[in-house]
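Colleague: Based on the sequences and whatever the hints tell you, model everything.
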Amino acid sequence: MDCYARGDADGFERLYEIVADELWAFIYARLRHQASAEDVMQQTLLHMHHARGRFRAGANVHPWMFTIAWRLIIDRRRRCRDALDVDCLDLIDGRAQPDDQVSAIELGGRLETAYGELPERQRVALELVRVAGLSHKETAEALGTTEAAVKSLLHRALAALRDSTMEEA
10 MDCYARGDAD GFERLYEIVA DELWAFIYAR LRHQASAEDV MQQTLLHMHH ARGRFRAGAN
70 VHPWMFTIAW RLIIDRRRRC RDALDVDCLD LIDGRAQPDD QVSAIELGGR LETAYGELPE
130 RQRVALELVR VAGLSHKETA EALGTTEAAV KSLLHRALAA LRDSTMEEA
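Going left to right, the sequence shown walks through residues 10 to 178 as the working numbering numbers them.
Since the hints were made in silico from the structure, they are not lab data. Keep in mind it's a predicted model, so treat the numbers as computed, not measured. One should not assume that every hint holds.
Okay, derived cross-link-like pairs now, EDC-like style, lysine to aspartate or glutamate, Cα gap no bigger than 20 Å in a straight line [as the list claims (entries may be wrong)]: (1) K160 with D172; (2) K160 with E147; (3) K146 with E129; (4) K146 with E136; (5) K160 with E150; (6) K146 with D172; (7) K160 with E129; (8) K146 with E156.
Modeller: Okay, here's the thing in C-alpha coordinates:
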(Lines of atoms letter the chains of each structure in order from A and count residues from 1; the text may use other names and numbers.)
(Lines give C-alpha, C1' and ligand atoms only; values in the text may rest on other atoms or scores of the structure.)
Protein backbone atom coordinates (compact mmCIF):
# COMPACT_ATOMS: atom_id res chain seq x y z
CA MET A 1 0.00 0.00 0.00
CA ASP A 2 2.90 2.34 0.75
CA CYS A 3 4.16 2.13 -2.86
CA TYR A 4 0.69 2.74 -4.25
CA ALA A 5 0.06 5.65 -1.89
CA ARG A 6 3.30 7.23 -3.15
CA GLY A 7 2.08 6.99 -6.76
CA ASP A 8 3.40 3.63 -7.96
CA ALA A 9 0.89 2.65 -10.66
CA ASP A 10 1.55 -1.08 -10.22
CA GLY A 11 1.23 -0.82 -6.45
CA PHE A 12 -2.53 -1.26 -6.40
CA GLU A 13 -2.33 -4.37 -8.56
CA ARG A 14 0.19 -5.89 -6.15
CA LEU A 15 -1.94 -4.84 -3.18
CA TYR A 16 -5.02 -6.40 -4.80
CA GLU A 17 -3.18 -9.69 -5.35
CA ILE A 18 -2.26 -9.75 -1.67
CA VAL A 19 -5.59 -8.79 -0.08
CA ALA A 20 -8.35 -9.69 -2.58
CA ASP A 21 -9.08 -13.23 -1.39
CA GLU A 22 -9.08 -12.27 2.27
CA LEU A 23 -11.23 -9.19 1.64
CA TRP A 24 -13.70 -11.17 -0.47
CA ALA A 25 -14.02 -13.88 2.18
CA PHE A 26 -14.63 -11.24 4.85
CA ILE A 27 -17.33 -9.44 2.84
CA TYR A 28 -19.07 -12.54 1.49
CA ALA A 29 -19.18 -14.20 4.92
CA ARG A 30 -21.12 -11.24 6.26
CA LEU A 31 -23.51 -10.69 3.35
CA ARG A 32 -23.89 -14.24 1.95
CA HIS A 33 -25.23 -12.77 -1.29
CA GLN A 34 -23.05 -12.78 -4.40
CA ALA A 35 -24.21 -9.54 -6.05
CA SER A 36 -24.23 -7.56 -2.80
CA ALA A 37 -20.78 -8.86 -1.86
CA GLU A 38 -19.44 -7.94 -5.31
CA ASP A 39 -20.84 -4.41 -4.95
CA VAL A 40 -19.30 -3.96 -1.49
CA MET A 41 -15.98 -5.40 -2.70
CA GLN A 42 -15.90 -2.90 -5.56
CA GLN A 43 -16.91 -0.01 -3.30
CA THR A 44 -14.21 -0.96 -0.79
CA LEU A 45 -11.50 -1.03 -3.46
CA LEU A 46 -12.70 2.28 -4.90
CA HIS A 47 -12.70 3.86 -1.46
CA MET A 48 -9.17 2.58 -0.85
CA HIS A 49 -8.11 4.01 -4.22
CA HIS A 50 -9.59 7.45 -3.54
CA ALA A 51 -8.27 7.55 0.04
CA ARG A 52 -4.77 6.23 -0.72
CA GLY A 53 -3.20 9.61 0.00
CA ARG A 54 -4.57 9.51 3.55
CA PHE A 55 -3.11 6.07 4.28
CA ARG A 56 -0.49 6.32 7.02
CA ALA A 57 2.86 5.13 5.64
CA GLY A 58 4.15 2.00 7.30
CA ALA A 59 0.78 1.12 8.84
CA ASN A 60 -0.84 -2.28 8.46
CA VAL A 61 -3.34 -2.08 5.59
CA HIS A 62 -5.67 -4.73 7.05
CA PRO A 63 -7.35 -2.71 9.84
CA TRP A 64 -7.89 0.19 7.43
CA MET A 65 -9.24 -2.05 4.67
CA PHE A 66 -11.52 -4.08 6.95
CA THR A 67 -12.88 -0.94 8.59
CA ILE A 68 -13.80 0.47 5.18
CA ALA A 69 -15.44 -2.82 4.17
CA TRP A 70 -17.27 -3.17 7.49
CA ARG A 71 -18.74 0.32 7.26
CA LEU A 72 -19.90 -0.35 3.70
CA ILE A 73 -21.49 -3.63 4.84
CA ILE A 74 -23.33 -1.79 7.62
CA ASP A 75 -24.50 0.84 5.13
CA ARG A 76 -25.73 -1.90 2.78
CA ARG A 77 -27.65 -3.63 5.57
CA ARG A 78 -29.12 -0.34 6.77
CA ARG A 79 -30.33 0.53 3.27
CA CYS A 80 -31.84 -2.93 2.92
CA ARG A 81 -33.58 -2.71 6.27
CA ASP A 82 -34.95 0.74 5.51
CA ALA A 83 -36.01 0.01 1.93
CA LEU A 84 -36.60 -3.75 2.17
CA ASP A 85 -36.76 -3.98 -1.60
CA VAL A 86 -36.82 -7.21 -3.61
CA ASP A 87 -33.02 -7.37 -4.04
CA CYS A 88 -32.50 -6.94 -0.32
CA LEU A 89 -34.91 -9.75 0.46
CA ASP A 90 -32.35 -12.08 -1.13
CA LEU A 91 -30.06 -11.28 1.80
CA ILE A 92 -32.49 -12.95 4.19
CA ASP A 93 -31.97 -16.68 4.59
CA GLY A 94 -34.82 -18.34 2.70
CA ARG A 95 -34.78 -21.44 4.93
CA ALA A 96 -35.89 -19.56 8.02
CA GLN A 97 -39.53 -19.24 8.95
CA PRO A 98 -41.16 -15.81 8.43
CA ASP A 99 -41.42 -15.17 12.20
CA ASP A 100 -37.76 -16.09 12.63
CA GLN A 101 -36.80 -13.77 9.76
CA VAL A 102 -38.71 -10.87 11.32
CA SER A 103 -37.10 -11.57 14.71
CA ALA A 104 -33.65 -11.69 13.13
CA ILE A 105 -34.25 -8.39 11.31
CA GLU A 106 -35.50 -6.76 14.52
CA LEU A 107 -32.53 -8.05 16.53
CA GLY A 108 -30.16 -6.88 13.80
CA GLY A 109 -31.74 -3.44 13.93
CA ARG A 110 -31.39 -3.27 17.72
CA LEU A 111 -27.75 -4.35 17.51
CA GLU A 112 -27.04 -1.81 14.79
CA THR A 113 -28.61 0.96 16.85
CA ALA A 114 -26.70 -0.08 19.97
CA TYR A 115 -23.49 -0.38 17.96
CA GLY A 116 -23.97 3.13 16.59
CA GLU A 117 -24.36 4.47 20.14
CA LEU A 118 -21.04 3.03 21.34
CA PRO A 119 -18.23 5.52 21.96
CA GLU A 120 -15.89 5.71 18.96
CA ARG A 121 -12.92 4.01 20.67
CA GLN A 122 -15.08 1.07 21.78
CA ARG A 123 -16.48 0.74 18.25
CA VAL A 124 -13.04 0.84 16.66
CA ALA A 125 -11.59 -1.67 19.13
CA LEU A 126 -14.52 -4.01 18.50
CA GLU A 127 -14.12 -3.70 14.72
CA LEU A 128 -10.39 -4.32 14.81
CA VAL A 129 -10.62 -7.40 17.05
CA ARG A 130 -13.92 -9.00 16.06
CA VAL A 131 -14.21 -7.92 12.44
CA ALA A 132 -10.65 -7.46 11.17
CA GLY A 133 -9.32 -10.27 13.35
CA LEU A 134 -6.42 -8.37 14.88
CA SER A 135 -4.97 -9.52 18.18
CA HIS A 136 -5.32 -7.42 21.32
CA LYS A 137 -1.66 -6.45 20.94
CA GLU A 138 -2.10 -5.34 17.30
CA THR A 139 -5.24 -3.42 18.22
CA ALA A 140 -3.41 -1.70 21.07
CA GLU A 141 -0.67 -0.64 18.64
CA ALA A 142 -3.23 0.64 16.12
CA LEU A 143 -5.03 2.65 18.82
CA GLY A 144 -1.87 3.82 20.57
CA THR A 145 -2.85 2.27 23.89
CA THR A 146 -2.17 -0.82 26.03
CA GLU A 147 -3.52 -4.34 25.69
CA ALA A 148 -5.27 -3.93 29.05
CA ALA A 149 -7.04 -0.83 27.75
CA VAL A 150 -8.16 -2.74 24.64
CA LYS A 151 -9.56 -5.54 26.79
CA SER A 152 -11.41 -2.97 28.88
CA LEU A 153 -12.81 -1.25 25.76
CA LEU A 154 -14.00 -4.60 24.41
CA HIS A 155 -15.57 -5.62 27.70
CA ARG A 156 -17.49 -2.35 27.99
CA ALA A 157 -18.57 -2.45 24.33
CA LEU A 158 -19.87 -6.02 24.53
CA ALA A 159 -21.62 -5.33 27.84
CA ALA A 160 -23.32 -2.27 26.34
CA LEU A 161 -24.45 -4.24 23.27
CA ARG A 162 -25.74 -7.09 25.42
CA ASP A 163 -27.57 -4.74 27.80
CA SER A 164 -29.11 -2.74 24.97
CA THR A 165 -30.45 -5.78 23.13
CA MET A 166 -31.73 -7.40 26.33
CA GLU A 167 -33.59 -4.25 27.41
CA GLU A 168 -35.53 -4.07 24.17
CA ALA A 169 -36.20 -7.80 23.80
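Colleague: Does each hint hold? Answer for all of them.
Modeller: Status of the hints after comparison with the structure:
As the CA atoms of K160 and D172 are separated by approximately 18 Å, the hinted pair is consistent with the 20 Å bound. A threshold of 20 Å between alpha carbons decides the hint, and for K160 with E147 the separation of about 12 Å falls inside it, so the pair holds. Distance check on the hinted pair: K146 and E129 sit about 19 Å apart at the alpha-carbon level, within 20 Å; holds. For the proposed pair K146 and E136, the alpha carbon gap of about 14 Å is at most 20 Å, so the pair holds.
For the given pair, K160 sits about 13 Å from E150 by alpha-carbon distance, which is consistent with the 20 Å threshold. A threshold of 20 Å between alpha carbons decides the hint, and for K146 with D172 the separation of about 27 Å lies outside it, so the pair is violated. The straight-line distance between the Cα atoms of K160 and E129 is roughly 15 Å, inside the 20 Å bound, and the hint therefore holds. For the proposed pair K146 and E156, the alpha carbon gap of about 6 Å is at most 20 Å, so the pair holds.
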